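Quick mapping for you: the protein sequence lines, in order, are chains A and B. Residues in the first sequence are numbered from 0 upward in steps of one, following numbering that gives the first Met the number 0. Residues in the second sequence are numbered from 0 upward in steps of one, following numbering that gives the first Met the number 0.
By construction, these hints were calculated from the structure, which means they are not laboratory data. Please read all numbers here as calculations on a predicted model, not as lab measurements. C-beta atoms are modelled at their ideal positions from N, C-alpha and C, and glycine is treated no differently. Some hints could be false.
Pulled a few chain B residues facing chain A out of the computed Cβ check, cut under 7 Å [what the hints assert, rightly or not]:
hint: 1; residue: Ala82
hint: 2; residue: Ala85
hint: 3; residue: Phe91
hint: 4; residue: Met116
hint: 5; residue: Glu168
hint: 6; residue: Ala240
hint: 7; residue: Val255
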Amino acid sequence: MTVSLRLVPPVTKVSGKGQRWAEARTGGLLALPAAVYFLVFWLVPFVAAVYLSFTSYDFAGTPEWTGLDNYRRMLGDPGFWNSARVTAAYTIGSVVPSIVLGLAIAVPLSKPGRYNAFLRGLVMIPAAMPLVATSMVWSVIFADKGLANALIGLVGVEPKPWLTDEGLALWALVIMTTWKHLGLFVIILTAGLQGLPLSVFEAAALDGAGPIRVFYRITLPLLRRTLLFVLVIAVVGAMQSFVPAFLLTKGGPAGATEVLPLYLWATGFGFERMGYASAIAMVLLVAMLALSLVQFRVLRGGEDG
Amino acid sequence: MKVVRNTLLTLVVAVLLLPVYAMFAVSSASDATDLGGFGFDISQLGAHVTQLFDQGGFPLYLRNSLILALGIGVLEVIFSSAAGYALAQLRFPGSRVLFAVIVGTLSLSPIVVLVPMYLIVKELGWINSYQGMIVPFMMSAFGVFLVRQFALALPHELLLSARVDGASELRIFVRIGVPLLRPALLTLFLLQFLAQWDNLLWPLIVANDPGLWPLPVGLSQLQTEYDFSIGLVSTAALITAVPPLVLMFLLQRYYVAGLTLGGVRK
Numbered sequence: 000m001t002v003s004l005r006l007v008p009p010v011t012k013v014s015g016k017g018q019r020w021a022e023a024r025t026g027g028l029l030a031l032p033a034a035v036y037f038l039v040f041w042l043v044p045f046v047a048a049v050y051l052s053f054t055s056y057d058f059a060g061t062p063e064w065t066g067l068d069n070y071r072r073m074l075g076d077p078g079f080w081n082s083a084r085v086t087a088a089y090t091i092g093s094v095v096p097s098i099v100l101g102l103a104i105a106v107p108l109s110k111p112g113r114y115n116a117f118l119r120g121l122v123m124i125p126a127a128m129p130l131v132a133t134s135m136v137w138s139v140i141f142a143d144k145g146l147a148n149a150l151i152g153l154v155g156v157e158p159k160p161w162l163t164d165e166g167l168a169l170w171a172l173v174i175m176t177t178w179k180h181l182g183l184f185v186i187i188l189t190a191g192l193q194g195l196p197l198s199v200f201e202a203a204a205l206d207g208a209g210p211i212r213v214f215y216r217i218t219l220p221l222l223r224r225t226l227l228f229v230l231v232i233a234v235v236g237a238m239q240s241f242v243p244a245f246l247l248t249k250g251g252p253a254g255a256t257e258v259l260p261l262y263l264w265a266t267g268f269g270f271e272r273m274g275y276a277s278a279i280a281m282v283l284l285v286a287m288l289a290l291s292l293v294q295f296r297v298l299r300g301g302e303d304g
Numbered sequence: 000m001k002v003v004r005n006t007l008l009t010l011v012v013a014v015l016l017l018p019v020y021a022m023f024a025v026s027s028a029s030d031a032t033d034l035g036g037f038g039f040d041i042s043q044l045g046a047h048v049t050q051l052f053d054q055g056g057f058p059l060y061l062r063n064s065l066i067l068a069l070g071i072g073v074l075e076v077i078f079s080s081a082a083g084y085a086l087a088q089l090r091f092p093g094s095r096v097l098f099a100v101i102v103g104t105l106s107l108s109p110i111v112v113l114v115p116m117y118l119i120v121k122e123l124g125w126i127n128s129y130q131g132m133i134v135p136f137m138m139s140a141f142g143v144f145l146v147r148q149f150a151l152a153l154p155h156e157l158l159l160s161a162r163v164d165g166a167s168e169l170r171i172f173v174r175i176g177v178p179l180l181r182p183a184l185l186t187l188f189l190l191q192f193l194a195q196w197d198n199l200l201w202p203l204i205v206a207n208d209p210g211l212w213p214l215p216v217g218l219s220q221l222q223t224e225y226d227f228s229i230g231l232v233s234t235a236a237l238i239t240a241v242p243p244l245v246l247m248f249l250l251q252r253y254y255v256a257g258l259t260l261g262g263v264r265k
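Isolated chain B (complex conformation) (with noise of 0.2 Å):
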């Protein structure tokens, strides 16, 4: 019974895979005829990965991702644990109307502001710029509404105790809450970082300047140019799935933990 199961579920998590395979396999194809086969050829698979980082945008596309990705996985951290952290434990003039707002932006997608997002962007300035591209994803309503679920939940007689110490609430806030919320603000960053990564439609919209593109832009990009063979288009999407796959295998936890505690996941 157990090796019928063990051995179908293989088979499934094998056929799964088959892609992923592909990917490896057409990226070490030397020519379109072969797309169908399943010959792995590591040097030419070398070869293609020396070629992206030798010519063309490829190098500039990686550098802009990190660029993105990073920053903005940095800001959401920073500024949605300030905002969840002070909802959750300070009294302030506000705090209802601003939780108010962004449990209503939970239920918004991009695609419904893309056009007036554009606009003010626009009216700031920031076409083509990195801050154009960062600002705006620099926050997210279900990056808020996690922390905050999180420090409601802080012990509390800890931050009691401090104050009873004559603790800054700022420092309360540095030297208590953020170490306790260590976990939720890595599954946020694991989140955020994996998003913006993959963020095709904005860059697409506010940069124009092939300088800035991240590797999304890039890439689509890529494909059209006519002296780029399908191997290495495939090496590029290869190459791009490395730092995701990489971050989940050692972050799994957190992953898992934000997938199934969200609730409210975009």
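Only chain A is shown next, with the shape it has when bound in the complex (with noise of 0.2 Å):
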């Protein structure tokens, strides 16, 4: 659309009565349906979830008041603590290699380049595949005459029951989330450090500073807000996470892999305990909140502002 920019008389704001009316009804009008969206599907659900938690509630009949009891049966729920632990380390285990791996990957693939777009366009692969394909994929490649067996057997490992084993399948999971997220990262990355004042590095080189130091000295610091935004994505994305362990294992075997989306799934939607499963969703976001403010804190504490 071409746009002539016709003179205007200097006036800075067309206002009066008929043009706030406008705006008003205009307004009104095209935000409408997001209010009504939000109030319904958000914000109604969310006060409903923070009611259902003190309530005891399957699907007949109404919520029963029943103060903080989800909460304390909760603390002795050997199930609830195993899904934690369980979304713990998964959370870990996935969030602190694809960071390292991405950043290590993103720092040479962020240099100018026909062939580093090449490869920048490949990596884009996995993280555009969707997550369901991805974890049938992933588990073709952790069946017992799988690419991961083949794979160790080159190096003499003998094949490992990969999604059956109670110490493995977590590691299972954890790889197949790393590799799904090194690819966003490495995208988000290279976005970063492509964004990054040139001058000072030349600066650098002009001082002789080398490039491990220049990482270190230079890139990290100047880096430092994408890098907070890929951790608050890759934590809280962990932790919400259902598809992998829903697909890959089921949660087993014996809980190994039962991360805690999945526990308040099987527990609200399986065993239709709707106040105990909404008590589990409140200390999830509670615990996402809190990490996500601790982050922020932690990163952002040397700045202004």
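Join the two chains, each given in its own frame, into one complex according to the hints.
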């Protein structure tokens, strides 16, 4: 669309009663669907989730107020603690390698050049793959005669029952998640690296700083905002991850991969204990918010604003 | 130096793409004996594709997925652009409250409100229906927020001159706002399409009728159907991966912009 900027009289504001009314009417009209939507599908459910977490409720009848019972029960519920532990291990296990490896790949890959641009396109493939398709591919990779066992066989390691061994199943999930996230993080970190001011690096090169020194003293501090963003989406994403555990192991063997979202889903929709499931959801929400806040505090620490 | 770097990077990318290649290899495998192999048999892959489209629920799942992902993508673009533009450019009663609610919703994840959302959809009589799968996700706080950020940066003089010319506010939104917001709206459509194409949890909860299942639910069931070989399931996964990959390569610029600009993405 071409827009010709005609000569306008030096008005800075169209005001007056007519304009006010026109804005209120059109604004209200445009925002009305959103207002109804967020009220019905987010605000009310959120308030209801808080309320339900203090009640006992299966689908039959009405919720019965039980105060803090659900939360008290959680404290003594081995299933909940198991899931909390599994979620913590899964989160740390997948976040740390995907960010460290992502950075290691993004730094050389962000350099200009046609070949690098081509490689960046390829790196996006895992990121764009649907998680459901990814999970199915990896369940084949981890099968008895799958790629994982073929690869470790090359270096003389015995085949392993990846998805059915209590000690290994979570690692299988971690490996898959790291692979899936790596592509995504490389893209985001590359964009962040390409946005850094070149002049600083030129000055460092003139001063004779080596690449390792430049990385620790210049790149990392300048990249802090992007790293914070990646860290927050990685942690929150891992904490609410449902699909890999659901498709690869169904939470098994013996609960070894029963992440919190899976436990919540089973409690609410499998056993129809909606009140208890809501209490678990509240704990998960508070944990996600608290962790995000801590990350902001720590990584934003030295900055003003 | 540069040669070493390029060689190392090429190796790393090759390792990263190994599972993608494995998907092709397994999809073309005739039985479960050579899953670790790297042979690739295009005719066997073709046979699997034909078989998938000829029998079972796969064509239906594909159709349902297209309905959900396209439907939600389009609805998101329409309603988020309207609300985002209004919040950025128009003074109307309740705008502050609405914005506060949307910012608050940004930090909520669907898993937190899953139970009450289900109860509301049940109350509306929308269990086992397309609207039950579509309407609860037809907009997103992220979408409204993204459009608002872009709409705040619209050239003020342009909107003002249209007003001076006597154009109605609605006309200004449609004729000036929407065209200028197009990059943001494309980004939004792409991200929402990718997310909904991959949504397993919500359809799993609200749709028990296999006729309504989208690909993620259908695929998770294929896995357990005894007469489906691993090669066939893998082919189904391969086909599922095609539309997102094609879209992402066509709209690569918008995809990267969405990931990096968004700030708060679920």
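Measuring from the C-beta of B:Phe91 to each C-beta in chain A, is the shortest one below 7 Å? holds (3 Å)
For the restraint on B:Val255, tell me whether the closest CB of chain A is nearer than 7 Å. Interface hint status for B:Val255: holds (6 Å vs cutoff 7 Å).
Next item in the hint list is B:Glu168. Is there a CB on chain A closer than 7 Å to its CB? holds (4 Å)
B:Met116 as an interface hint toward chain A, with CB separation required under 7 Å: This hint holds: B:Met116 lies near chain A, its Cβ roughly 5 Å from the closest one there, short of 7 Å.
Can we keep the B:Ala240 interface hint, with Cβ of chain A closer than 7 Å? Holds, about 4 Å.
B:Ala85 as chain A interface residue, shortest Cβ-Cβ below 7 Å: Holds. Min distance 4 Å.
Can you verify the interface hint for B:Ala82: is its Cβ closer than 7 Å to any Cβ in chain A? The hint holds - B:Ala82 has a Cβ within 7 Å of chain A, the shortest such distance being about 3 Å.
Consistency with the previously given hints is maintained throughout, with no hint failing.
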